[in-house]
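Undergrad: Listed below, chain by chain, are the residues.
There are 2 protein chains.
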Amino acid sequence: MTGYKRVALIGLGLIASSMAHAIRQHRLADEIVGHAKSAGTRETALEIRLVDRVCETAAEAVQGADLVVLCVPVGAMGAIAAEIAPHLEPGATVTDVGSVKQAVIAAVAPHLPGHVHFIPGHPLAGTEHSGPRSGFATLFVNRWWLLTPLEATPPEPVARLRGFLETLGANVDLMDAHRHDLVLAVVSHTPHLIAYTMVGVADHLRRVTHEEVIKYSASGFRDFTRIAASDPTMWRDVFLTNKEATLDILGRFTEELFILQRAIRMGDGDQLFDYFTRTRAIRRGIIEAGQDTAAPDFGRGGPERG
Amino acid sequence: MTGYKRVALIGLGLIASSMAHAIRQHRLADEIVGHAKSAGTRETALEIRLVDRVCETAAEAVQGADLVVLCVPVGAMGAIAAEIAPHLEPGATVTDVGSVKQAVIAAVAPHLPGHVHFIPGHPLAGTEHSGPRSGFATLFVNRWWLLTPLEATPPEPVARLRGFLETLGANVDLMDAHRHDLVLAVVSHTPHLIAYTMVGVADHLRRVTHEEVIKYSASGFRDFTRIAASDPTMWRDVFLTNKEATLDILGRFTEELFILQRAIRMGDGDQLFDYFTRTRAIRRGIIEAGQDTAAPDFGRGGPERG
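Same order as they appear, the protein sequences are chains A and B.
Per the working numbering, residue 10 is the first one in the first sequence, and the count goes up by one each step.
Per the working numbering, residue 10 is the first one in the second sequence, and the count goes up by one each step.
Treat the hints as calculated values from the structure; they're not laboratory data.
Please note that a few of the clues may not be correct.
Treat identical chains as interchangeable: a pair holds within one or across any two.
Capping the alpha-carbon separation at 20 Å, the derived lysine to aspartate or glutamate pairs in EDC-like fashion look like this [to be verified]:
(1) LYS252 / ASP279
(2) LYS224 / ASP185
(3) LYS14 / ASP61
(4) LYS252 / ASP277
(5) LYS14 / GLU52
Model the full assembly from the supplied sequences, consistent with the hints where possible.
TA: Following this line, the structure appears as structure tokens:
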């Protein structure tokens, strides 16, 4: 079977609410139970009937569940694991959706009893919105969902979780947690920090009025603001917990940037031209890999003349 | 009238070919004449009947034209202006589509005779593609086209050019050339340099294979590659000619980045959270200004969980 009897969603933000919709659509659980720390979020979840049952505590929510999904910020994972550990059903699978994997494993694994299977996970999917109303059933369709199982975990619960996630529409890959954190530092964490920084620079610039920055944002800057609008709590935790890899990539980024900055200052056009030509090849690779299309997108997210 | 008798397009890349399609669609000229330096580009233009007449030289192309549009890289503007100057029709309007305005004015204006009107311009529109086959008639629809007329230019030719560009679908704004270059350094030039740099970093990283970077690129990095795939010649010239403003904004960017980098290193979560919260407000402003929508875009260009 690809489903579970009872799925417990701990934390009811974008990912959990999208999972709830998708699980229902594909009939992947007999019951979906949910918990959120905030009373307001729990009320909203009840009001929109997001899940079958909303629990006051995480401990209550996980009772009798054969799949528990931790959908809280990375920094809150350890405390939640400690709270739910005594209440977990023997044989249950516990997974999470945190953007960093080594730190989550370090925070969660020591609390969990030997009779459950902890399979860390990370869906590479999202929007700039958060909260229980932001979810939709197709969020995971054709998106990657990375699993970083521990060595000791037997293959059966991993295969079962994989089948479940694939039914939600995701493409599942298994990888080592350390490598996950490095790859994500390159393709996601550092780009996000850079986007946040550039938007912050624009905000500080009093000589360029707020209005002009917004008005002409389509020229490249808009893509940065979209990235930089993501959930502040989640991103704070990402940088605090994937510190080593992010600082490594940031260091490399700064070195490269200084080389290009020097080329501009010295008027070295050949160096700039060669650099910009090389980066085109990566873009071509992404289009060939089917991760994007080459079609003009009429300003939706496309690059702009400057 | 909003059109011209004869429009001469000098340079036949994305912008010129899109203008040719749009001018035809809206019947904004009796004749469109084109010239490109490369014989291959001229052949392609002939083959696809991009314009009514393809000329071997820019000097020949501008003869009898009442609108001349310089669509060559910023670094080539001065030489083209010197070449066409003796052949310009009295009363003709000369405009350009360069991404930098002060440098273009400095390179072009001294060559032009007093009997023509030079009205520098810059359409904020583009795709990641270039060349005579890349154009399409709707490229400028609902996009900004900035004009930075000189003080001495009378209002009539400016109003006429403005009407022409608005008929192509653009929103036209007038602004000072110095301010243009600063605003564009913030909303376009620096974001492009940063995107090029980040893609370059990924390219150098041997520990993260090319394949993984491409495979998981949807997590933020893909937006950078799209920006970084733009025409290398054009962008080299942008940075060489808008050097002062770009270096200014880059300096501010580096300062900010170091502050965030230090916060990560020191584990200062409050500082990160406050910063990320502030940048959300700019994003909201862009949505309210109608420059983007808040709808989830299913991975097309949206921000990603990381």
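Undergrad: Work down the list of hints and note, for each, if the structure agrees.
TA: We went through each hint and held it up to the structure:
1. LYS252 / ASP279: For LYS252 and ASP279, the Cα distance is within 20 Å only across copies (15 Å; inside one copy 35 Å).
2. LYS224 / ASP185: So LYS224 and ASP185 pass the 20 Å test across copies only (16 Å; inside, 44 Å).
3. LYS14 / ASP61: For LYS14 and ASP61, only the intra-copy Cα distance (13 Å) is at most 20 Å; the inter-copy one is 70 Å.
4. LYS252 / ASP277: The answer is between: 11 Å across copies meets 20 Å, while 34 Å in one copy does not.
5. LYS14 / GLU52: Classified as neither: same-chain Cα gap 24 Å, cross-chain 67 Å, threshold 20 Å.
When the structure is compared with the earlier hints, a violation turns up for hint 5 alone.
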